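Peer 1: Given the sequences, and given the hints that come with them, work out the whole structure.
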Amino acid sequence: MAYSDNDRFPRFGKAARVVHFTHLISFFVLFFTGMSLYFNFLSPLNLLFGGASSAKLIHRIAACIFFFGPILGICLNPKGFFLVIREITHWRKEDFQFIVTFLHKFFGQPHEVAPQGYLNGGQKLNVYLLGFGFLGLSITGFVLWFPQYVPISFALWCYPLHSLLAPCLTAAVLGHGYLGSFHPGSGASWEAIWGGTLSRAFAEHHHARWAQEVDSQLGRTRR
Amino acid sequence: MAQVAKLIDVTKCTACRGCQVACKQWNELPVEAPPKEMAFTGTLQSHPDLAPNTFTIIQFFEEKDDTNTVKYRFRKTGCMHCTDAACILVCEKKALTKLENGIVYRDKDKCIGCGYCAQNCPFQVPKVNPKTEKATKCTLCGDRIANKMKPACVTTCITGALDFGPRDEMLKKAKKRVETLQKQGVANANIYGEKELGGTNVIYVLADKPEAYGLPADPQIPLTATLWQQYGKPIGAAVFCASFATTLFAFFLNRKKDLAPKLHHHEGGKSHGV
Ligand code: HEM
Ligand code: SF4
Ligand code: SF4
Ligand code: SF4
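Line by line, the protein sequences are chains A and B.
Residue numbers for the first sequence follow my numbering, beginning at 1 and rising by one.
Residue numbers for the second sequence follow my numbering, beginning at 1 and rising by one.
Because the hints were derived from the structure by calculation, they are not lab data.
None of these values were measured; they are calculated from a predicted model.
Be a bit skeptical, because a hint or two may be false.
Dumping the calculated BS3-like pairs for lysine-lysine here, alpha-carbon to alpha-carbon at most 27 angstroms [as the list claims (entries may be wrong)]:
#1 K56(A) with K134(B)
#2 K195(B) with K172(B)
#3 K173(B) with K183(B)
#4 K56(A) with K233(B)
#5 K110(B) with K98(B)
#6 K262(B) with K93(A)
#7 K56(A) with K127(B)
#8 K56(A) with K93(B)
#9 K56(A) with K108(B)
#10 K110(B) with K56(A)
#11 K150(B) with K24(B)
Peer 2: Quick look at the structure:
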């Protein structure tokens with residue numbers, strides 16, 4: 001196959017993309033329905049959900065989508081999941097180099113980056129942050145839902161943990177969301193999570209090592 | 001208004017359960033759904049626990065002694081109306097407040113039934129009614145007190161095990177009773193609620209250590225509740241605001257920059273991936 005500037009780089013399958021956006025929506029529904037319990041002055045948020053009682057119900061429905069969505073996604077595409085697990089458990093020198101220059105990237109300052117793989121160092125860290133945040137909020141959340149089934153001493157710890165994890169994970173999600181949407185440098189990665197593929201320019205810039213792997217797998221030889 | 005207190009002298013209680021009935025009647029509390037099995041469960045206790053429509057029960061602590069005879073202890077349970085009340089600390093809806101007279105008052109309209117108070121109360125007193133989505137507990141009959149009456153349970157008590165009045169008077173009475181009991185040979189007789197949790201507005205005279213009556217010897221507001229409300233929440237809010245402000249700042253800083261990746265046409269090498 002001939003090399004072309006218009007080549008696309010396949011990145012996320014349909015299941016991953018659908019799960020990503022249902023997860024995203026459920027996350028923000030959880031955030032806004034939880035916040036009125038965090039600070040009473042945010043209670044007017046409940047009006048968006050039809051009052052305190054239905055906000056409580058919606059928090060639980062969204063929680064199920066939030067929790068079971070990704071699990072369904074893993075079942076639909078276990079290979080993709082294990083690819084990510086393999087990536088985040090294998091760290092190379094360039095991953096650390098990426099993290100060192102992360103703030104330059106975030107604030108749009110010039111910097112040099114060694115060629116990155118399928119996930120760059122920052123994305124690897126992000127998977128850990130969001131992954132543990134997901135597990136932490138889900139476990140503590142279900143305990144808050146059904147406290148009668150666990151020892152009381154454990155349930156008592158879940159209240160401060162759920163309460164602290166929620167704004168902290170949201171803080172991480174804000175940065176993640178900005179980089180993947182409006183950031184002029186990396187915002188084009190939106191194409192991967194929305195449409196499934198990346199452009200050649202973007203793939204070679206952000207994931208040079210991975211782009212080479214894909215080119216050679218697809219037999220796309222350079223001029 | 002001066003602090004009031006209910007005094008519960010377990011040494012005078014016969015477990016007649018008149019107080020349970022009086023409480024139900026005054027507060028118009030319907031019976032709880034009867035258990036599926038009405039068979040004897042091995043205890044003389046009437047209900048397994050406090051419940052949304054049961055603000056007080058006589059709790060039984062039965063054990064066999066060396067001669068294989070059953071020894072009974074029992075205690076009227078219910079809200080202690082704590083001064084350092086964990087339930088108030090965790091109720092974000094401000095549905096629970098400490099009144100001037102010492103009552104821990106629950107505002108029905110503000111309560112949303114989140115159940116935080118139920119789990120965090122050192123005595124697990126409040127119970128959430130899933131139908132009404134409200135937590136309930138003993139009110140200390142605030143409505144009766146406001147009308148110069150004694151709580152319904154106190155009025156009905158036939159043996160004098162329950163009393164109600166200004167807190168200092170109740171304490172004085174409790175101390176005198178403990179002295180008498182000790183003179184009569186009840187060496188472990190003690191007062192519970194004088195200092196516990198900042199001094200509660202329900203005070204016990206016990207014939208034995210608090211643990212023998214299912215009471216924690218040194219009740220505390222759970223550490224986790226303090227961490228959650230006094231540290232976790234402000235820290236979480238600060239982290240969120242910092243992230244929001246930083247992201248917004250980066251957004252405006254980068255908005256006009258031309259950082260979009262361009263094609264290189266060279267093999268591998270360094271890329272300045274922005
Ligand atoms: C499987 C996931 C989750 C479950 C099962 C869950 C469940 C719960 C439950 C049962 C409560 C207690 C209040 C109530 O009864 O409504 C609660 C509170 C809360 N939840 Fe969740 N939740 C989950 C995920 C999340 C996520 C992802 C967020 C935010 C991004 C969140 C934010 C909150 C907040 C802020 C509170 C109030 C905390 C406080 O009072 O300090 N939850 N959650
Ligand atoms: S006994 Fe429990 S419910 Fe009653 S005031 Fe104390 S903490 Fe609150
Ligand atoms: S159940 Fe009601 S009283 Fe208890 S903490 Fe929640 S809002 Fe407050
Ligand atoms: S003080 Fe009133 S509400 Fe409390 S147990 Fe007695 S009768 Fe019931």
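Peer 1: Each of the hints needs a verdict: does it hold here or not?
Peer 2: Okay, the hints, checked on the actual structure:
1. K56(A) with K134(B): holds (13 angstroms)
2. K195(B) with K172(B): holds (14 angstroms)
3. K173(B) with K183(B): Satisfied, since the Cα-Cα distance of roughly 15 angstroms is no more than 27 angstroms.
4. K56(A) with K233(B): Given pair K56(A), K233(B) holds - Cα atoms ~20 angstroms apart, limit 27 angstroms.
5. K110(B) with K98(B): holds (15 angstroms)
6. K262(B) with K93(A): holds (25 angstroms)
7. K56(A) with K127(B): holds (18 angstroms)
8. K56(A) with K93(B): Status holds; Cα separation ~14 angstroms.
9. K56(A) with K108(B): holds (17 angstroms)
10. K110(B) with K56(A): Holds, because 15 angstroms separates the two Cα atoms, which is no more than 27 angstroms.
11. K150(B) with K24(B): holds (15 angstroms)
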